[in-house]
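Here are the chains, one letter per residue:
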Amino acid sequence: MSIATLLNRPGAGVALLLVFYLVVAVLFSALSPWFLSFDNMMSIGANMAFIGLMCALQTPLIIAGGLDLSVAAVAGLSGVVVALLHASGVGIVAACLIALALGAAIGSLNGLLAVRLGLNPLIATMGTMSVIGGLALVLTGGLTKPLMEPGFNWLGGGQLLGLPVPLVLMLLVYIALGWLLARTRFGRFVYAAGSNPEASRLVGVPVARTLMILYTLSGLSGAASGLVLAAMLYAAAPDAAGQHLLTVIAAVVLGGTSLFGGRGTIWGTLLAVLLLGTLNNGLTLMDVSSFWQDVTRGTVLLLAVGLDQVRTRAAGG
Amino acid sequence: MATDSPLLVMEGIGKSFGSAQVLRDVDLRLRAGEVLALLGANGAGKSTLVKILCGVYRRDAGTVRLDGEQVHLTRPEEAIAHGVRFLPQEVSVLPDLSVAENILIADLPLKRTWRGREVDRSALRDRAVTLLDRLGSDIDPEQVVHRLSSPQKRLVEIARALAGQARIIVMDEPTAALTEHEAHALFAVVERLKGQQIGIIYISHYLDEVFAISDRIAVLRDGFNAGEFATVSASRREVLDSMLGTSVDELYPPRGKPTDEIALEVENLSFPAALNQVSFAVHRGEILGVFGLLGSGIDQVGRAVYGALGPMPGAIIALGGRSYAPADPRRGRDVGIGFVAAERQREGIVPDLGVAANLTLPFIDRFTRFAAVSRPRELDYAQSWVDRLGIRSAHLRQELRLLSGGNQQKVCLARWLVEGLEVLILEEPTRGVDLGARQELYLALRQWTAKGLAVLLVSSDAEEVAGVCDRAIVLDRGRVSGRFAGGASPADLLHVSTVKDHS
Chain L
38 MSIATLLNRP GAGVALLLVF YLVVAVLFSA LSPWFLSFDN MMSIGANMAF
88 IGLMCALQTP LIIAGGLDLS VAAVAGLSGV VVALLHASGV GIVAACLIAL
138 ALGAAIGSLN GLLAVRLGLN PLIATMGTMS VIGGLALVLT GGLTKPLMEP
188 GFNWLGGGQL LGLPVPLVLM LLVYIALGWL LARTRFGRFV YAAGSNPEAS
238 RLVGVPVART LMILYTLSGL SGAASGLVLA AMLYAAAPDA AGQHLLTVIA
288 AVVLGGTSLF GGRGTIWGTL LAVLLLGTLN NGLTLMDVSS FWQDVTRGTV
338 LLLAVGLDQV RTRAAGG
Chain G
456 MATDSPLLVM EGIGKSFGSA QVLRDVDLRL RAGEVLALLG ANGAGKSTLV
506 KILCGVYRRD AGTVRLDGEQ VHLTRPEEAI AHGVRFLPQE VSVLPDLSVA
556 ENILIADLPL KRTWRGREVD RSALRDRAVT LLDRLGSDID PEQVVHRLSS
606 PQKRLVEIAR ALAGQARIIV MDEPTAALTE HEAHALFAVV ERLKGQQIGI
656 IYISHYLDEV FAISDRIAVL RDGFNAGEFA TVSASRREVL DSMLGTSVDE
706 LYPPRGKPTD EIALEVENLS FPAALNQVSF AVHRGEILGV FGLLGSGIDQ
756 VGRAVYGALG PMPGAIIALG GRSYAPADPR RGRDVGIGFV AAERQREGIV
806 PDLGVAANLT LPFIDRFTRF AAVSRPRELD YAQSWVDRLG IRSAHLRQEL
856 RLLSGGNQQK VCLARWLVEG LEVLILEEPT RGVDLGARQE LYLALRQWTA
906 KGLAVLLVSS DAEEVAGVCD RAIVLDRGRV SGRFAGGASP ADLLHVSTVK
956 DHS
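Chains as they are written, first to last, in our numbering: chain L, 38 to 354; chain G, 456 to 958.
Isolated chain G, as found in the complex (with noise of 0.2 Å):
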């Protein structure tokens, strides 16, 4: 399908924000019709070079060329009209309109009438028809857009694309919030799209996806060409390998040895519409995984056990053999509970304090004497967790909301690593994290729970809770499905956590 003259060729892309070499000599090229997926850690630049071709961006050096010719893209609109469009990662729809009102918003077709111009309904919907045609897809043209399904809000901002004359596509992990049918369905659309020879840049973190979807695999690391497969006959290891510049096999640390001691044991969990009788326990010393997809349950068991939907009658809690209510976040962290949030954005950072007032803010009491925090003793504290987790800041008081993704989730982490600290509940840990930094704080964990610490470990990534976790339970509508006392695979999760009956 996909034809030999380039549709797109990226050379010698340079970027660099103040001092920040963020892409050095990248190239990239797309043909018509090819599906190129685009890998690389947090930080390896995938996202730089992508806003360069959608003309967020200008480049420091480099050419682009589009069908041989040389462009310039310096704002998104120049972008689009070139038939370059972005599809972020959050759906962006206006919720408000109809289908076809959404699709043809930049070019909504007009009918002169008695009372002046106005927008031709029947053209309207005929066009939207005729592009969500190409698509396959049957939604209705007059439908609110807020009544849709994710995906279907998806498969709308495909149809606008293709409305302005798109040739090439760039998805921004496209699937992170859809339901595994959900994203084949998606993957089918896509199949459509090569078929109309429009070329495809896809970023995602999901291996699987990326095998099951591309033609050709190109990683990006520290900002410069790290590798590139041709699908067919690439290995999952190798193309980890690339992104990670390391062997895959150091991502995760050596498991540690449990004891009999019981930290936390839950029994019978219950929450309306999202957990049933849910049951487990974990030892001192132990990471124990929730593993689960989205609607499983898994997004509410980690904090109705700290204490962050309110109390849970009907819930037998016992931390360390004492009987334990949830009630509130308080309570849960003075009871010796710590949580990590998976929306670091939302529920995690406190973006405006900085590195080292975030990493105090739960136990700030410890700093404190008579209402004053010792600054002094803040900052030796925080600089010696920035040391331990390699945590790269400016300086200490530089605003969390100015680091990565992957130090902003290590300081979330290390606010909780203190002494007197029982169990501690992870959301999602690694979630847009790069690889380099999940090492880190894998490794972190384990050198907690060599002292005695237990880590409830929610997630949804089948390969981390294998990889990581000494005991696995999987959850399915609500409730467990299925219990691993260790070597699960990532098979083995999948396997009793598959939602059958939503097809």
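The following block holds chain L by itself, in its conformation from the complex (with noise of 0.2 Å):
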């Protein structure tokens, strides 16, 4: 058996994200007695959390064929609207529903125009993350807003059980879309949609409906994420998520999804998250400059991009 017939059994992907992952923290382990304690396996969950959230909705997004850029532009603008309301009066819990609901208002939004109006979802979102951007700022004047209360801070330094509460709060986001995803309709709706949404379309699959639950979902994650930030940094910044959009789409596809849709898991996404979460960590730990860090992102991702053309030669071959 070839290695390109190995590569493209079923699990395969996520099987050597799993190998590729225990590597780096050996090699961690190794170089720093820090990296394997508890409280720093707990940091790297609890600091990537606000980014998983995002991968988690991304993730049956890109597989049933749709994507979705101005997630992150959302995170920012939902702890913007929060900390803006709560300095003006409005009761934290109103204040996060409001801005989950603007998220996903945002997400229907999204769906309308990449959906309904058939625009390319890149260009479609593009649009929208830049107008939420600027948005953000211009609600802020570009400043970062405090927002303390405890209750809300809790959200993103709290324990629950014993663990940091984004953590958990991931975890369950994850659990709920792996069960939805593996074992439901709606499951099976998203992976004919992104596979072949004309043959779906077809039979009687309900493609378009099926994108429009995702991208308000995906909004919707946007905005929770967003709320997980500005509680983790006790204020919220018009420009703190932003930067982190290619991270998630690098988590995406690093776990093994197609952006031809039709393919993925959520699983391989988490571990993915993880994976980068650990390089940063055990970069940071050893003393790497921050700059060297996206350089190895990058090449991390151009790996598994490129491991994943093998696989589909093999698999076309």
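Think of the hints as simulated: they come from the structure by calculation, not from any bench.
Here a beta-carbon is modelled for each residue, glycine too, at the ideal position from N, C-alpha and C.
Incorrect hints may have been included.
Unchecked claim - For each label pair, taking beta carbons as the anchor points, the in silico distance ranges come out as:
hint : chain 1 : residue 1 : chain 2 : residue 2 : range
1    : G       : F825      : L       : T336      : 41 to 51 Å
2    : L       : L156      : G       : L563      : 35 to 45 Å
3    : L       : L339      : G       : R934      : 51 to 61 Å
Take each chain as given, in its own frame, and dock them per the hints.
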């Protein structure tokens, strides 16, 4: 059996990622005694949670043939909205609900543009990304808004059953999505819509509705992610999340989801999120400059995509 | 015209992919100036054999000789350098370049000017004209290729092969996208190529064509040489029998006993530029054929009824006596209509879903409880279809894109064969499907019509409509041009369908 056919077995991508993850972990733990400690592991999870939340819904969206580049901008805006509402006297729960509703609304708008009007999702969501990012800057004048509220900050820094709240939140979302994608009719529709939208439509799969739901949920996940980030930082910065858009897309692709739709798993994404978080963490522990961390992340992504090409070719031949 | 010296000799060719032996000890001979038709069911090994010749695949065993000299063609570029050219089924041209540029793209004539080396426009034009002349064509070499008709694009492709000093041209289903008239123009070109001592390997599913154009016929079956015939002395029956491995009479199952009960009645169905006041009725237990040539309206009639083309204002449609208005595919499915589209790759299969998930896709609700799909039930159901139709797949979760065309089509059909389906609409149900699978598909259809299912079988294959259907209608330029109540021969069907003012 050649390497190419081995790589093409189902689950091979995730298995490979796992191996890579373990190699990285062993390497770092050899280089830094700190690395393997429970606290450090938890801090990796907690720090990646807000990115993981965005990835969680980006994954089914991309599997279904969509794409949402505005999600990180939505995260920035939602933090800002909560901070401003709270500062003007609105209760924190109400403020959070408003921010979540706003995220969902922006998601539906993306769906409207990409699905109902048929715009290219890359362009459509790039447009909303720019509009939302701009609005967040306008609303704050470009300044970071403090957000201190014990109940709210628990969302970012608290503990639940001895685990960081953001990590628990993220894991719950992944477990729910894992079940949804693998077990339910909706999950079936997600894969069908991305694999061949026309054939799916012709057998009665509600392709447009499925995508609309996913765009809406993606907006919602952006808003939730923004809340977690603001809670962690005790402040909302209009551009806090925007820079992480590439990490979100990179994690989804690294996790084995095809940008052409139809293929991918939520677990691959989770593993990729943790891998990217671990890389960052380990390199930081080793005092590598954050500039080099960008280089590392990019290299890992290119390697993963290159490997995917090899697999695709093996499948084609 | 054909000389005796063999231009190409392939001997003892063997090839396997993984554990599947695709070719065993296959021989093929081609003389200069000869048209050799290569026939065989899907999966018989035709395309593998041709791809070995063209340097796409490497053979495991055997020899390839060109002009008596052994050659190793391991890359397409090497095959081209030896004068072996492959013309795929889909025309592949560079749409935004001119005819002359397309023809000479691999070897553009250059000249030196004060600006450096530039394309020599006049030499380009002259050489293109010379090559087009050899094909008897007067296409303007300055014309942009995307403006050309499909047969003209085909000509450009052939001229490009000639520009590369082609000695062997392999044509894969070259007339699949052509009208009959256009196909005849292509045959004239093939005659000219023969006259210029070029050897042609012609792959086609259309027996009429093969008998009209070839000098010899080679048949492959299951990776073996199954027969070789001199075309002048061969009969269609013996060629078909050798392709099928059994007698052709067994291909079509016995007809059923349609009831008097009308399952679907369509009146005044019209669609812009395609259908004009089309009316017909299908009885329960009946297979009604709709035959027509390309552009006759057969591409629209089935999907219009199903709802894939949206609402049909003006049409009066009754399903089981109740009025039904097409709206969208979901509506069609929910009232008990099934639809298998002609373009299997684009509109039929969901390539990344497994066999089981594809089978249950239209009626996934029946396997769903509280939003969750019951996988044991789904797999049981899928296994029962895999057994009944002999669907060949490694396991039930194997992605559908990995199955052969015939097996994919079985899945696309079996999706709809559920309790409660009233009418099944099929477009070109056996296009690109091998004879063994065709037989199984027809049998499955007959089993379901025996239970009262009504089938509308839309096809441009006259033999299929004549062989399978209980009654048939013929479309010509969007109108019903003939109605046959049983026993129509392919010739009868063609007679009322010929587009007469197309020359």
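Verification of the supplied hints:
In this structure the supplied range 41 to 51 Å holds for G/F825 paired with L/T336, their Cβ-Cβ distance being about 45 Å. Take L/L156 and G/L563: their Cβ atoms lie about 39 Å apart, and the range 35 to 45 Å holds. Against the hinted window of 51 to 61 Å, the Cβ-Cβ separation of L/L339 and G/R934 comes to about 59 Å, which satisfies the hint.
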